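First to last, the protein sequences are chains A and B.
Going by the working numbering, the final residue of the first sequence carries number 137, and the count climbs one at a time with no gaps.
Going by the working numbering, the final residue of the second sequence carries number 1136, and the count climbs one at a time with no gaps.
One or more of the hints may lead you astray.
[Claimed, not checked] Listed below are several chain B residues computed to face chain A (Cβ distance under 8 Å; list not exhaustive):
| no. | residue |
| --- | --- |
| 1 | P1009 |
| 2 | D1016 |
| 3 | G1019 |
| 4 | E1032 |
| 5 | V1035 |
| 6 | K1065 |
| 7 | T1070 |
Source of the hints: derived by calculation from the structure; they are not laboratory data.
None of the values given here were measured: they were computed from a predicted structure.
Just so it is clear, CB atoms sit at the ideal spot from N, CA and C, and this is done for glycine as well.
Listed below, chain by chain, are the residues.
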Amino acid sequence: MPPTEYAVQVRFSDVDHLGHVNHARHLSFFEDARMALIAASPSGLPGSPADRGCIAARLTVDYLRPVTYQPGEAAQVRTWVARIGRSSWTLTHQLWQDDALAASCDIVLVAYDYAAGSARLLDDDERAWWERHRGDA
Amino acid sequence: MMRHVYRCPVRWSDMDAFGHVNNVRFLTFLEEARVDLLFTLGRQSGAGEMAEGVVVARHEIDYLKPLDWTPEGVDVDMWVSRIGAGSFDVSYDIRGGDLVYARARSVLVPFDLAAGRPRRLTAAERALLESYRGGS
Chain A
1 MPPTEYAVQV
11 RFSDVDHLGH
21 VNHARHLSFF
31 EDARMALIAA
41 SPSGLPGSPA
51 DRGCIAARLT
61 VDYLRPVTYQ
71 PGEAAQVRTW
81 VARIGRSSWT
91 LTHQLWQDDA
101 LAASCDIVLV
111 AYDYAAGSAR
121 LLDDDERAWW
131 ERHRGDA
Chain B
1001 MMRHVYRCPV
1011 RWSDMDAFGH
1021 VNNVRFLTFL
1031 EEARVDLLFT
1041 LGRQSGAGEM
1051 AEGVVVARHE
1061 IDYLKPLDWT
1071 PEGVDVDMWV
1081 SRIGAGSFDV
1091 SYDIRGGDLV
1101 YARARSVLVP
1111 FDLAAGRPRR
1121 LTAAERALLE
1131 SYRGGS
């Protein structure tokens, strides 16, 4: 399956004193793309009645090009599944602007039982759904 | 009366520990709507000076309903409610469909950032603002 595409709004207040989008804001762009995907999955949107529980355990970001603020223009996040384990899985996000790759991010998500305070096994239907979004850089 | 409608996405991180969009973030939504009207439309209509400097002198906002994160985002309706020589007011409704989450008003001052002082509205800026003129 091709990567999932998500258009993110770059805000005026995302720009820092150096005149480009502050690096920390990239994590929010990736998060919004991820939440849209999780909301569509059997794992369920965090905090919603459908939520089965998941939590972020680790993320790495490589910054390749500065992202600029262009009023009225969106940036794009492409997302796919890089790895699926028994109770965790890894997503790769790429942030694109003007047809250039600006940043990439790997994030490890853990299926998590908030009531018990511990990791849980991924359900079969969750695994099957995320398996369909597998991709490769 | 012509209103400018800006569709503003809501970020997941706009929500706070209460599970709804934090009150402070509403001001960011207003900012995005302002930038869209004053900068983007301003440039298109020959009033590009606004993008070179306009500052906020005052905000007023009434919160009417809690807003939860939604993939649809919100609409920000915006119109110009006062035009003076060296400042103007814009009014806004933040809404989803017919539901109004907040109403707000800002006093804005065209500003010469290099000189560090306010400046008067240009004729092109005034014409742009007049075309969105409405009541308070």
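Now for the hints, and whether the structure bears them out:
no.: 1; hint: P1009; result: holds (4 Å)
no.: 2; hint: D1016; result: violated (12 Å)
no.: 3; hint: G1019; result: holds (6 Å)
no.: 4; hint: E1032; result: holds (6 Å)
no.: 5; hint: V1035; result: holds (5 Å)
no.: 6; hint: K1065; result: violated (18 Å)
no.: 7; hint: T1070; result: violated (10 Å)
Hints 2, 6, 7 from the list above are not met by this structure, while the remaining hints are.
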